[in-house]
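Undergrad: Here the protein sequences line up with chains A and B, keeping their order.
Heads up: the first sequence at position 280 corresponds to 280 in my numbering, and the numbers run straight through without jumps.
Heads up: the second sequence at position 45 corresponds to 45 in my numbering, and the numbers run straight through without jumps.
I should point out that these hints are in silico values taken from the structure, not numbers from a laboratory.
Using N, Cα and C, we set each Cβ at its ideal position, and we do this for glycine too.
Don't take every hint at face value.
A partial selection of chain A residues facing chain B, derived with a Cβ cut-off under 7 Å [said to hold, decoys possible]:
#, residue
1, V331
2, A354
3, E356
4, F447
5, I450
6, G547
Per the computed footprint, the stretches of chain B lying under chain A, defined by three or more beta-carbons under 8 Å from a beta-carbon of chain A, are [said to hold, decoys possible]:
#, segment
7, 64-71
8, 228-238
9, 270-281
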Amino acid sequence: MTHPALPRRHRAWRTPLALAVAVVLSVLALPWNFEALTSWQGFTAALGRVGAYFGAFAAPDLSPAMLQRCASLAAETVAIALLGTAIGLVGSYPLALGACRAVMLDDAPGQPRLGRSLRRTGLEGFRLVLDTLRGVPDFAWAIVLANVTGVNAVTGVLAIAVSVAGIYGKVLSEQWDNIDPARYVALRTTGAGRLATFLYGVQPLAGRAMLSFVLMRTECAVRNASVIGVVGGGGLGAGLWDHYTDGDWPGVASMLITLITVTAGTDLLANLLRHRLRVDPNHPRAVQGLDRRTAARRRLQVLLSVAAVLTAAALWLRQPFVRVLDDLQRVEWQYVRPYTLGLFTPDLSVFPSASEQGPTAVWSALQQSAVPLAIGVLATLLGAAFAAALTYPASVAFQLEAHRFTGEALPPWRRHLRRALVVLARGIALLLRGVPEVAWVILLAVFFRIGVTPCVFAVALHSAGVLHRVFTETLDNVSYRRLEQVAGACRAHVFVYGALPRALADWRTYTFFQFEVNVRIGVALGMVGAGGLGHLFQINLDWRRYGSAATYLWTMVLLTVVVDRLSRSLQMRRDRC
Amino acid sequence: MKLFHTVSLAAIGLLFAACGADSAAEPTAKELRFSVIPDFNKAKLADDATKLAAVLSRKLGVPVRYEPSNDYTMAVNGLIANKLDFVWLGGKTTVDAIDAGKGSVHVLATRDIDLAFKSYFIGNKAAVDGGKLKQLADLAELQPSAKALTFTFGDKNSTSGHLMPRHFLVAAGIDPERDFKTMGYAEGGHSGTLKAVASGSADLGALNFAYYDKASAEDRANAPILYTTPDYVDYAWVAHDRLGAALKGKLRDAFLQLDPAQADDKAILTAWSAGRFVPAEDELWNSIREVRDSLPKGFLK
């Protein structure tokens with residue numbers, strides 16, 4: 001077996017080279033503005049701006065009226081996220097079934113050819129629908145929907161539901177397809193149909209992974225719901241953005257603190273639940289199996305609390321829903337058509353018309369895709385590097401339980417010091433991901449000035465926080481038995497030679513998924529000042545050029561499809577958001 | 001394509017049949033809905049609009065409801081699609097609404113100041129003091145120094161913050177996208193532009209003169225006026241014909257009769273920076289339509 005070794009060595013330089021090329025191209029593609037860093041004058045001016053803003057920022061508005069507004073917006077945000085996720089999940093289920101190989105395709109011999117190719121077409125069709133739902137950022141959905149449903153929580157719920165449906169549909173179908181067919185072949189051979197095989201074979205086997213992903217995605221939805229208000233979706237985002245555009249910095253501070261409380265609270269709660277779903281049963285801290293009765297009781301408890309929470313969310317948002325339904329009955333739909341159905345007919349002309357100079361929408365869409373792609377590349381790599389650097393000090397295994405594989409004995413004060421280090425590192429990461437990208441842009445724009453520069457760093461900081469958690473989790477999930485094998489080495493060496501190689505493959509996968517997410521965020525930030533595809537979509541919508549707007553919209557979908565097929569071809573499994 | 005249109009028309013027809021008489025225009029509305037474009041400080045806009053709703057409710061004897069719009073387009077689309085009955089629009093969006101309404105949308109009234117509206121080009125004080133910027137007799141004087149300047153418009157859909165300033169820049173031989181160091185659209189409309197220039201986030205910006213004249217002395221000191229554009233027509237109250245001639249007439253009269261001598265009315269006029277509201281015909285905005293249509297469209301690509 002000398003063959004596999006050769007291509008591997010051959011491949012070794014390919015990834016770093018590809019990355020280096022991507023980074024150089026990305027740096028060249030963006031209109032940077034480093035005025036604040038390149039000259040002393042620029043730097044002092046930038047510091048002056050930061051000082052002026054943070055002076056106001058350090059004194060959040062704590063008046064009773066503001067606190068009440070914060071609390072009610074926080075509740076609205078959570079309600080939007082939960083309802084949006086629930087609706088999205090229900091909506092995604094049939095789509096996921098349609099996009100699942102195991103359900104759609106029948107591998108039994110003797111099938112008529114026509115039936116097979118019809119099913120195949122159906123499968124691809126469902127996948128395309130999912131790509132569209134997912135490829136259009138929730139920001140864009142909200143902008144389009146707000147024209148019909150208005151500036152309120154309903155728009156937020158629907159925008160989240162649509163994009164969440166796209167993500168759930170894809171991931172659930174992939175999780176089902178990831179189950180080895182050998183594990184449910186017995187069902188097929190005893191005569192079960194495709195649906196029965198799915199219900200009694202595939203789905204139960206994927207149950208734990210599905211549950212884990214649904215939980216993670218719900219948590220992400222809270223983060224998304226907290227900014228969807230920027231484009232009309234209600235909740236804290238609306239409050240944050242209104243105070244920001246009004247230049248009311250004490251108000252921004254109050255909103256931001258509330259926002260961080262909500263996102264960090266959800267984050268910690270989800271962490272707690274996630275630990276119960278730990279995948280590796282051999283891990284020393286894994287929750288061991290429960291007896292059947294306790295398991296059933298717990299399941300019922302979970303079901304009832306989910307139902308109760310969703311009912312509460314629905315009740316909280318009852319008023320806007322009733323109002324929107326009432327409004328919709330009077331809407332004259334033929335006037336709504338241009339900016340809804342019209343977005344399905346992109347302007348595909350390749351050559352400029354006589355009346356208009358310059359490139360057509362198709363060309364500029366392709367050209368402007370560079371902005372979100374470059375933001376994606378740079379922000380993801382910066383974020384991943386930052387997250388990786390912050391992993392070691394935050395690792396429970398290496399800071400608190402290292403004695404279990406290195407045999408070291410520490411004085412109590414050093415144990416306390418390490419505990420403080422873990423809390424500090426995790427706190428930083430929690431803060432990084434607790435502040436949404438848009439809010440980071442707002443803060444960084446004070447220093448770097450408006451443009452693409454603060455956007456890149458904003459996405460990088462947020463990604464660092466998001467990646468840090470999964471990076472640390474992967475690291476802490478490495479079984480200690482494996483680490484013991486790096487005999488006699490110190491803690492740092494065990495980390496570098498024992499843990500890192502095992503975690504690295506997962507880190508790479510997570511980083512790639514973050515890249516896909518960040519490209520979409522790059523598009524969305526275009527709608528709030530980063531330029532590129534998102535900006536062009538919005539300005540064409542504003543100037544009522546729906547054909548061109550559609551071209552930019554479908555380019556967003558195309559971008560997602562390309563990145564998605566790339567990740568599929570690299571065989572990366574996706575089980576997070 | 002033809003098939004697609006037929007099918008969608010059929011679907012919409014069915015929908016209409018299902019809705020029955022509900023969606024037909026009602027001459028005697030139970031409630032009037034209106035919105036305003038979010039051209040500056042949203043908190044203040046909402047406050048002013050709520051006050052206006054109360055005054056109009058009283059004068060018309062019909063409940064009047066204010067609906068917020070997140071951007072300019074929403075106000076136009078809401079009016080056309082029967083989510084709103086009348087709206088406060090800028091010059092460009094007024095023309096957009098008239099065009100999209102296909103004959104059923106008309107100007108109701110405008111302010112005295114809109115007949116001779118202007119934009120200011122304002123510069124960051126530090127940049128002016130440092131010699132980077134100076135008073136301009138003509139926008140063409142910007143040409144030699146433009147490459148060193150960061151510039152900001154207001155909202156993409158604004159007349160006084162984008163359309164007309166761009167028009168005058170282009171006329172002076174400046175392509176904002178190409179000639180400035182960076183160019184952007186400030187979030188938050190005119191208040192965003194003023195803040196960006198006053199704080200130094202942008203060196204130069206263009207905005208609505210009426211908003212600027214009422215802004216805080218501190219902001220104005222930090223962002224002095226460098227150039228005032230020629231006059232043009234701007235904002236208007238725009239209504240849809242589904243209101244019915246009678247109600248539309250009453251609504252127009254309510255605006256025209258707002259009296260600076262009365263405290264309630266005065267508060268509305270002050271909030272709108274208006275001496276009075278005056279009647280106006282759609283044709284007055286033809287000049288804006290011409291500018292909108294003839295402007296080089298490179299910025300949309």
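Undergrad: Could you run down the list of hints and mark each one as holding or not?
TA: Results for each hint:
Checking A:V331 against chain B: minimum C-beta separation of about 5 Å stays under 7 Å; hint holds. Interface restraint check: A:A354 against chain B, minimum CB-CB distance 13 Å, threshold 7 Å, status violated. For A:E356, the interface hint holds, since its Cβ comes within 7 Å of a Cβ in chain B; the closest pair sits about 6 Å apart. Violation of the interface hint for A:F447 is found here, the shortest Cβ-Cβ separation to chain B being roughly 10 Å, above the 7 Å cut-off.
Of the supplied interface hints, the one on A:I450 holds, with its beta-carbon coming within about 5 Å of a beta-carbon of chain B, less than 7 Å. Residue-level restraint check for A:G547 is violated (minimum Cβ-Cβ distance to chain B is 11 Å; threshold 7 Å). Against chain A, the segment 64-71 of chain B contributes 5 residues with a C-beta closer than 8 Å to a partner C-beta. That satisfies the three-residue criterion, and the hint holds. For a cut-off of 8 Å, the count of residues in the segment 228-238 of chain B with a CB near a CB of chain A stands at 0, and the three-residue condition is violated.
Note: the segment 270-281 of chain B has 0 residues with beta-carbon separation from chain A under 8 Å; the three-residue rule is not met and the coverage is violated.
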